[in-house]
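K.L.:
Sequence:
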Amino acid sequence: MTGPAEHDEWMLDALSEARAALDHDDVPVGAVVVDAQGTIIGRGRNERELRHDPTAHAEVLAMRDAAATRGDWNLADTTLIVTLEPCVMCAGAILQARIRSVVFGAWDDKAGAAGSVHDVLRDRRLPHRVEVTGGVLEGESAELLRAFFARRRSTTR
29 MTGPAEHDEW
39 MLDALSEARA
49 ALDHDDVPVG
59 AVVVDAQGTI
69 IGRGRNEREL
79 RHDPTAHAEV
89 LAMRDAAATR
99 GDWNLADTTL
109 IVTLEPCVMC
119 AGAILQARIR
129 SVVFGAWDDK
139 AGAAGSVHDV
149 LRDRRLPHRV
159 EVTGGVLEGE
169 SAELLRAFFA
179 RRRSTTR
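My numbering numbers the first residue of the sequence shown as 29 and each following residue consecutively.
Hint data in this document are derived by calculation from the structure and do not stem from the laboratory.
Note that the Cβ used here is the ideal one computed from N, Cα and C, for glycine as well.
Careful: at least some of the hints might be erroneous.
What the hints assert, rightly or not - Distance ranges between label pairs, derived from CB positions:
#, residue 1, residue 2, range
1, H156, D81, 23 to 33 Å
2, E34, R179, 27 to 37 Å
3, R153, T183, 39 to 49 Å
Generate the whole structure from the sequences, applying the supplied hints.
P.N.:
Encoded structure:
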């Protein structure tokens, strides 16, 4: 599935960030935060290995970058575009930042929190809900992850 043309364009930027994570042997996940005018105000890629930080997920780093750009933690009028469905930790951070919408590429059937395993972002029991669009450039996002884990498995045998 592809979304509106701008979703595809932003996802290409997120995929570029994901590929950059490979430089430091991190799982290739990338994210961008886009404001209401369609300008990218935050970028991030997985840096858990690089920073030795379990919270250094692409989404968290992109939101930190966007908040620094704005000088405000409240990102209510923004969209987060990420190559992999957010996990529970990232979903919580997305809710805390008041992100309006999330667009993601590949579904994560092991740890996803935007509709596959959990649906934290749209949980009606919580005070904030997020518009979610999944599967944007899904094939490209999933292939990047498949290739990474295939290489990792082949070198650990």
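K.L.:
Looking back at the numbered hints, which does the structure fail to meet, lowest number first?
P.N.:
none
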